[in-house]
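From just these sequences and the hints, can you work out the full model?
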Amino acid sequence: MSALKPKHQRLVLVVVALVALIAAALLAAYALRNQASYFYVPTQMVAEPPTPSQAVRLGGMVQAGTLETMPDGVTVSFIVGDGEARVPVRFAGILPDLFVEGSGVVAEGKLGADGTFVADNLLAKHDENYVPRELEEMTAAQAEQTVSETVP
Amino acid sequence: MIAELGLAALWLAAALAGLQLIAGVMSVRQPDGPLASLARPAAVIQGVLAGFAFVMLLWLFAQTDLSVKLVAANSHSAKPMIFKLSGAWGNHEGSMLLWITVMALAGGMIGFLERRLPEVTMQATLATQAFVGLGFYAFLLLSSNPFERLPTPAAEGQGLNPLLQDIGLAFHPPTLYFGYVGLSVAFSFALGALLTRQVTPDFARAMRPWVLGAWIFLTLGITAGSYWAYYELGWGGWWFWDPVENASLMPWLAATALLHSVSVLAARDALRAWTIMLGVVAFSMSMMGTFLVRSGVLTSVHAFAIDPERGAFILVLLAIYIGGALTIFALRAGTVQEGERFTATSREGALVFNNVMLSAILAVVLVGTLYPLLTEAFGVQVSVGPPYFNPVGAIFTLPMLAVMAVGPLLRWRKDGAKRVSKPAVLLAIWVVTVGALVAFLSNANVLATLGLAFAAALAIGSLLPLRGRNLLRTPLATWGMVTAHFGIAVALFGMASESAFSVEKLVAARAGDVTEVGPWRITLDGVEPVAGPNWTALQADLQASYKGGAPIALQPQSRTFWSPERETAESALATRWNGQLYAVMGSGIEDGRRQLRLWWKPFVPMIWLGGILVALGGLLALIGRLAADLKRHYVRRRLAERREDSQT
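Just so you know, the protein sequences line up as chains A and B, in that order. Residue numbers for the first sequence follow our numbering, so the first one is 959 and each next one is one higher. Residue numbers for the second sequence follow our numbering, so the first one is 172 and each next one is one higher.
No wet-lab data here; the hints were simulated from the structure. Accuracy of the hints is not assured; some may be wrong.
Not close to chain A: a few residues of chain B, all C-beta gaps over 10 Å, as computed [what the hints assert, rightly or not]: (1) S208; (2) P251; (3) G339; (4) E416; (5) V527; (6) I532; (7) Q552; (8) V555; (9) A679.
Partner residues aside, some chain A positions facing chain B, computed with beta carbon under 7 Å [unchecked claim]: (10) Q967; (11) L990; (12) V1004; (13) A1022; (14) L1025; (15) P1029.
Per the computed footprint, the stretches of chain A lying under chain B, defined by three or more beta-carbons under 8 Å from a beta-carbon of chain B, are [unchecked claim]: (16) 979-988; (17) 1030-1042.
Yeah, the Cβ is synthetic: ideal placement off N, Cα and C, and Gly gets one too.
Okay, structure coming up:
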């Protein structure tokens, strides 16, 4: 590279930069295909369950009367539903501040072989202005049913 | 009255930006024209007016003037004063006003201070600054007026999101904005120089302090934001690859690359077109971050209002500015003369390599951040998190760190690999040794092991440029580089250590129960209610003792704010030189036990200490450069005076 003419040096630099950027983009695209975690509502999860090794998100409403604390005091189980299907969820950890029965939740984790969704992380409604984006997609009928199930 | 004054000042500032644009454009075409002396004063007065408008908003918040819509929606009379003031920028309209204020102040400062460049370049620069500013004034005044009155004053304000009622938030957004928007100066300089064909080392020397200044604020802002997320959100993590965090990281990556390429241009007159390109990209990333955060495309703590109209407005601005700048670049890059030559094994070669690596990391983060938006357009919802960002980012970060450790030892222009081969081989052996020890002695994952090994090598490599030098006579700029590079090593060590050695315990404890977490023994003394100015809380009294030492009191709380009504978990931290104990209290269980989540995170404070060191390095370099410029200026004047004396 030492004896290159100026014109060539600029060309080499442009090529190096382009190669690196294209490599980054290709690598990113490849990794995204494997690593992006997909969002499921209970109906989809029951119909087409993800493999146990696949990290996914499950979003829906915490069904009233299903929240239970295990004897160890730190593991909770509850059922997430979207009005049509229900998926049992297990989570060890401190519940988010606004996590209550009947509220929306997005659980991150994996679906176990026994059909229980083991969550590593729960994203609850942050405040009155923040609904997890995925829950905005729920149809009016589903939301209505969830509310009528929740109200005693 | 105050609100009307603020609004009037804002309109006047916008009008002056228009004047500045016209005056600038006219005098680029006609350097001796009648408007040539107008752009600079217009920039200064615009800065003063925008600053005045922002002070008026602060005043309204300090007084809790509930006839103003923004105050009523985001403040509360019972809030402590500091949070009343920080509430001014803890919302969409106020933060956009802060944005435009910083932009106008930066423009005013270059108009007032910067006299080293040809006047025609300065006119083009000020015109660009005004052109970008006008778009944001339009956005603020037409769709997000912060001074809007309510038809009837509210009885009481709705309060501020409690998560934002924190001292970290009082300083994090302004710091970040100084960095974000300070990069607009680099953008304007780059376009000004490109349009007037003045891409020279002088231009680089003039631009460098502004880039450095913005970069220092950006570094501090990101560091503060990360610490805030760490202790306030109570999840024990310090970086979530949240799109909003990425929005601040991307301009930082571009600005870091720009900082280094502008130094090459100043010292060696090489990388001309590349520096211009980075100047455009850096501020484009700032604007894109603003779009992502403020448009409602994303939902997070940072997205205050979801209003599609605003999103469309910012998107149009974005298209005009980024598209326009890139078009000008494409049309004009050919006119930029080829710079000086250099070989691959030279200081420039190493800097180019790392510039390319930084750009690649930027591309990886950008793709990962935008990908979910893209797939959503096709009806597929995905989320992209650490499993993507960490390994893919590392592929480009590790080579960059390796070059960073030895690059500063190379000479400018032309150097042989021979001169650095000895330290390079020794550092490589050191990397392998540390890596092997960590892998053998702990069960750290691959990335954490590599992180520890490279941090160890970089810590030593970053200090090597000082070897054999008289430390007292080493220029401040060199000290700055060494400090900043060492800071990266310190931060990397903290990150890898946190990932490799953290111990977590989740328990349900009764009063008197003892929990062991790593070297700590933690006793729960009891849980009691406490009250604050606008909240009540349950507080756990913990006694934590490190390896049997004297107990330290920790009091994590579960707080309930009453306006707006919501609960937050307040973490409690015990900091030692070698790490932090982090405690969060969860909900109570029917049988009287309390959930406690405890982490022992060895060396985690190093992450933020490293960030501060990096910013400090920037500050040292900035002071060094400015002092050298002043000295040069003084010597030149003395020479001129002496020449005059000898002539008379």
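When the least beta-carbon distance from Q967/A to chain B is tested against 7 Å, hint result: holds, 6 Å
Interface-negative label, A679/B against chain A, beta-carbon threshold 10 Å: violated, 2 Å
Non-interface label on V555/B, tested against every C-beta of chain A at 10 Å: Since the minimum Cβ distance to chain A is about 5 Å, V555/B lies within 10 Å and the statement is violated.
Satisfaction of the V1004/A interface hint, Cβ to chain B closer than 7 Å: This hint is violated: V1004/A lies away from chain B, its Cβ roughly 17 Å from the closest one there, beyond 7 Å.
Residue hint A1022/A, partner chain B, criterion CB-CB below 7 Å: violated, 18 Å
Given as non-interface: G339/B, partner chain A, CB spacing beyond 10 Å: holds, 18 Å
Supplied contact hint for P1029/A, tested at 7 Å Cβ to chain B: violated, 9 Å
Reported absence of I532/B from the contact zone with chain A (all CB gaps over 10 Å): violated, 8 Å
Hint status (Cβ of L1025/A to nearest Cβ of chain B, threshold 7 Å): violated, 11 Å
Closest CB of chain A to the CB of E416/B still more than 10 Å away: Answer for E416/B: holds, closest chain A Cβ roughly 16 Å.
Verdict on chain B covering the stretch 979-988 of chain A, criterion of 3 CB contacts below 8 Å: holds (count 7)
Assertion that P251/B lies farther than 10 Å from chain A (Cβ): Fine: 20 Å to the nearest Cβ keeps P251/B off the interface.
Hints 5, 6, 7, 8, 9, 12, 13, 14 and 15, counting from the list given before, are not met by this structure.
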